[in-house]
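Trainee: Letter by letter, the chains look like this.
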Amino acid sequence: MSDVAFLVITVVKIVVVFTAIMVGVALLTLAERRICAWMQDRLGPNRVGPQGLLQPAADGLKNILKEETLPAQADKLLFLLAPAISFVPALLTFAVIPFGAPLHTKWGDIPLVVADLPVGFLYILAISSLGVYGITLAGWSSNNKYSLLGGLRAAAQMISYEIAMGMSAVAVLLIAGNVTLSDVVARQATGTPLTWNVVPLALGFLIFLVAAFAETNRLPFDLPEAEGELIAGYHTEYSAMKFSMFYIAEYSNMVTASALMTTLFFGGWDIPFTTWDNTAPWTLLKTIASVAMFGAKVGFFLFLYIWVRWTLPRFRYDQLMALGWRVMLPLALVYLTVIATAIWYLHERLGWVYDARFALALGAVNVALAVPLFFVLDRGRLVSGSVAREGA
Amino acid sequence: MAVLVKVMKRPVKETSYLRATLKGMALTFSHLFRPKVTMQYPEQKATDDWTLSSRWRGTHRMLTDEQGRAKCVACGLCPQICPANCIKLVPGEDEEGHRYPLIYEIDEFRCVFCGYCQEVCPEEAIHVGVHYENSEYARDRFVYDLERLCAQTHPVSTLWDPADPKGE
Chain A
1 MSDVAFLVIT VVKIVVVFTA IMVGVALLTL AERRICAWMQ DRLGPNRVGP
51 QGLLQPAADG LKNILKEETL PAQADKLLFL LAPAISFVPA LLTFAVIPFG
101 APLHTKWGDI PLVVADLPVG FLYILAISSL GVYGITLAGW SSNNKYSLLG
151 GLRAAAQMIS YEIAMGMSAV AVLLIAGNVT LSDVVARQAT GTPLTWNVVP
201 LALGFLIFLV AAFAETNRLP FDLPEAEGEL IAGYHTEYSA MKFSMFYIAE
251 YSNMVTASAL MTTLFFGGWD IPFTTWDNTA PWTLLKTIAS VAMFGAKVGF
301 FLFLYIWVRW TLPRFRYDQL MALGWRVMLP LALVYLTVIA TAIWYLHERL
351 GWVYDARFAL ALGAVNVALA VPLFFVLDRG RLVSGSVARE GA
Chain B
1 MAVLVKVMKR PVKETSYLRA TLKGMALTFS HLFRPKVTMQ YPEQKATDDW
51 TLSSRWRGTH RMLTDEQGRA KCVACGLCPQ ICPANCIKLV PGEDEEGHRY
101 PLIYEIDEFR CVFCGYCQEV CPEEAIHVGV HYENSEYARD RFVYDLERLC
151 AQTHPVSTLW DPADPKGE
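From first to last, the protein sequence lines stand for chains A and B.
FYI, the numbering for the first sequence is 1 to 392, going by the working numbering.
FYI, the numbering for the second sequence is 1 to 168, going by the working numbering.
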């Protein structure tokens, strides 16, 4: 492929992915409100367009026409920059996520990933936590005590959970033996969903899931904007489209985190029970089917986000910190040690290659670890009050 | 100084977070498919288990006789009893000695919808109505004159009867 063709194809891919995410985010704001309503036995917004489908357009129009406010004592430059700073990393992260089987064209097979970086996973770790700068700067530049507290909380929360998130994802890399996300996907696609990383690394997925909720500031971890305590937290002083940008950033982060969970633990764009979609020759049908599969998996995780949000109450701040440092981090470390040992034993001592048998053996280790987690650790130790425990 | 949060002593064996979370999520998921309670207002004004009460006291209506004239005889009882002082009545008399209202106006903004005017009326002329959709483009449109009161068509309120408290 010539350099010019590569450039053109990449630009086209960027535009397509950007559009898809923006449309997804718009629909997600509607889905959030409607699913929330259904869970509360209501109907939700269903007036603008069929089933309320044009509601996001109406909201967007309203936000563009609203008055922009600028607090007199705010740091103008950072106040204006902060929404963009929180918005851009959310979109950047998606660049390395493969979302479909290669597209066959007369110019050659085009891999469906914006940038297939050899260091894909490290890139994600580097970029995904940058979004917190936007939130923290928004809180600081507003010159408002509530905003500042919200921003500080976001920063503290991000640091606390980033470690557990990285640790649990390292287990994925141990299995894949590679940090390129397209290789991670290829390793999981063996024709059976048993080799999806969620089977051999079920607990790792659980830790990753919880950490991902914390990273995206979603309930039960949305302390940066806890309205009961902080009005609206870091975006208290924002109005109109700048406020909307924070919303878009939050939802883009959700889309990216869901795509990441799909890629790392649920086989990416792999269609279960068949290897038809993973083998050349590539056809348009394979591409469409695999992209649809990817979309369905991401959609499920987005639903999970909304589902959890309208089920769980918010943590208290000290509970959040205690959970992050005293539970999640040790848990991730112990888990990584056990899994690394198990992989070493199976791989080096028994000489197994990665297949369904390997995955099931690791899955059994997870079940053995899950029993104490659910029935011993869960008894009043995961989340507790802030008083000193008896004897401590 | 660290502020300690008071925590209730609970039996540790019965507390859980993960399992309780899963239970809660099962509950919210089951609610997704339950019948919804929303009444879609402009299209739907009553549901199986909710309608406007027949004792609802809304904006007024003047009943008319067979010739289409207001039943009012301008006796002056309603402006007299009105606690909000919102009824303006100027009585007139025709050549046969029948009294009728020259001016009869109700300021619906002043009205407190107590229903005393309907209760006190000897001719069953003025009534409060079972009606609640009252939007206008100007404030002065809420002073209803006699013509407008007679032109209303909504059902009138059945006031509470002490002899039949449940309306049976």
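A couple of the hints might just be wrong.
Pair ranges (Cβ atoms, derived) [unchecked claim]:
hint: 1; chain 1: B; residue 1: 23; chain 2: A; residue 2: 344; range: 33 to 43 Å
hint: 2; chain 1: B; residue 1: 143; chain 2: A; residue 2: 66; range: 28 to 38 Å
hint: 3; chain 1: A; residue 1: 372; chain 2: B; residue 2: 23; range: 13 to 23 Å
hint: 4; chain 1: B; residue 1: 136; chain 2: A; residue 2: 239; range: 29 to 39 Å
hint: 5; chain 1: A; residue 1: 23; chain 2: B; residue 2: 23; range: 33 to 43 Å
hint: 6; chain 1: B; residue 1: 95; chain 2: A; residue 2: 47; range: 55 to 65 Å
hint: 7; chain 1: A; residue 1: 12; chain 2: B; residue 2: 50; range: 52 to 62 Å
hint: 8; chain 1: B; residue 1: 64; chain 2: A; residue 2: 50; range: 29 to 39 Å
hint: 9; chain 1: A; residue 1: 47; chain 2: B; residue 2: 159; range: 30 to 40 Å
hint: 10; chain 1: B; residue 1: 50; chain 2: A; residue 2: 283; range: 56 to 66 Å
hint: 11; chain 1: B; residue 1: 47; chain 2: A; residue 2: 296; range: 45 to 55 Å
hint: 12; chain 1: A; residue 1: 178; chain 2: B; residue 2: 26; range: 30 to 40 Å
In silico EDC-like pairs for lysine to aspartate or glutamate, Cα to Cα no more than 16 Å straight-line [what the hints assert, rightly or not]:
hint: 13; chain 1: B; residue 1: 23; chain 2: A; residue 2: 378
hint: 14; chain 1: B; residue 1: 71; chain 2: B; residue 2: 108
hint: 15; chain 1: B; residue 1: 36; chain 2: A; residue 2: 41
hint: 16; chain 1: B; residue 1: 88; chain 2: B; residue 2: 108
hint: 17; chain 1: B; residue 1: 88; chain 2: B; residue 2: 136
hint: 18; chain 1: B; residue 1: 88; chain 2: B; residue 2: 147
Just so you know, the hints here were simulated from the structure itself, not pulled from any lab data.
Backbone N, C-alpha and C fix where the C-beta goes; we use that ideal spot for every residue, glycine too.
Trainee: Give a verdict on every hint.
Mentor: Tested hints:
1. B:23 / A:344: 33 to 43 Å: Cβ of residue 23 (chain B) to Cβ of residue 344 (chain A): about 38 Å, so the range 33 to 43 Å holds.
2. B:143 / A:66: 28 to 38 Å: holds (37 Å)
3. A:372 / B:23: 13 to 23 Å: holds (20 Å)
4. B:136 / A:239: 29 to 39 Å: Because 32 Å falls inside the window, the suggested range holds.
5. A:23 / B:23: 33 to 43 Å: holds (35 Å)
6. B:95 / A:47: 55 to 65 Å: holds (59 Å)
7. A:12 / B:50: 52 to 62 Å: Holds - the Cβ-Cβ distance for residue 12 (chain A) and residue 50 (chain B), about 55 Å, lies within 52 to 62 Å.
8. B:64 / A:50: 29 to 39 Å: violated (46 Å)
9. A:47 / B:159: 30 to 40 Å: holds (37 Å)
10. B:50 / A:283: 56 to 66 Å: holds (57 Å)
11. B:47 / A:296: 45 to 55 Å: violated (36 Å)
12. A:178 / B:26: 30 to 40 Å: 38 Å Cβ-Cβ, so the 30 to 40 Å window holds.
13. B:23 / A:378: Holds, at roughly 14 Å.
14. B:71 / B:108: Since the Cα atoms of residue 71 (chain B) and residue 108 (chain B) sit roughly 20 Å apart, the hinted pair is violated (cutoff 16 Å).
15. B:36 / A:41: holds (5 Å)
16. B:88 / B:108: holds (12 Å)
17. B:88 / B:136: Status violated; Cα separation ~21 Å.
18. B:88 / B:147: Holds, at roughly 14 Å.
Consistency with the previously given hints fails for numbers 8, 11, 14, 17, ordered from lowest to highest.
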